[in-house]
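With the sequences and hints as input, model every part of the structure.
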Amino acid sequence: MHDREHFLRKAVQLARGNIDAGGRPFGAVVVKGGKVIATGVNQILATRDPTSHAELNAIRNASQAIGAPDLSGCVVYASGHPCPMCLAAMRMAGITEVYFAYSNEDAAPFGLSTAAVYAELAKPLAEQAMTFRHVPIHAESGEALYAEWKRRAG
Numbered sequence: 001m002h003d004r005e006h007f008l009r010k011a012v013q014l015a016r017g018n019i020d021a022g023g024r025p026f027g028a029v030v031v032k033g034g035k036v037i038a039t040g041v042n043q044i045l046a047t048r049d050p051t052s053h054a055e056l057n058a059i060r061n062a063s064q065a066i067g068a069p070d071l072s073g074c075v076v077y078a079s080g081h082p083c084p085m086c087l088a089a090m091r092m093a094g095i096t097e098v099y100f101a102y103s104n105e106d107a108a109p110f111g112l113s114t115a116a117v118y119a120e121l122a123k124p125l126a127e128q129a130m131t132f133r134h135v136p137i138h139a140e141s142g143e144a145l146y147a148e149w150k151r152r153a154g
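Numbering follows the numbering used here, in which position 33 of the sequence shown is assigned residue number 33; successive positions increment by one, without gaps.
Since the hints were made in silico from the structure, they are not lab data.
Nothing here was measured: the structure is a model prediction, and the numbers come from that model.
C-beta: ideal position from N, C-alpha, C; glycine also.
The following label-pair restraints were derived from C-beta to C-beta distances: (1) 128 / 9: 31 to 39 Å; (2) 67 / 134: 32 to 40 Å; (3) 48 / 125: 26 to 34 Å; (4) 141 / 13: 46 to 54 Å.
If you want it as structure tokens, here you go:
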């Protein structure tokens, strides 16, 4: 069995286990150098946290396992098509390879597709349903927020 299929089957197995535990059908595996360094399942229902997606939980666990937020060289295997939030987190973590077993088309009949979110995010910000506007403010201390952070971080 090809490694990709092996790790995708593990992600799906995690998703099935999460169903058994009363959760949503999503699991993810983070692999580096051909070895699983972390896994995660969707815990939205258990935690009441809408960001507790399998991929984000796997990324958090992987960062803890390697002791750094940079996951360059890692590959994510997910049971389902990662949502835009998870995709953005993977990019910010330095992940450049992602594979998934079930598509948004597979998920749509069950209300689990994120295709509509992708479509909304593809619109210019001013045309999206969510109000999203830049409102600059001046720092009360006189030092801009990011400049203060840079100065303190050294």
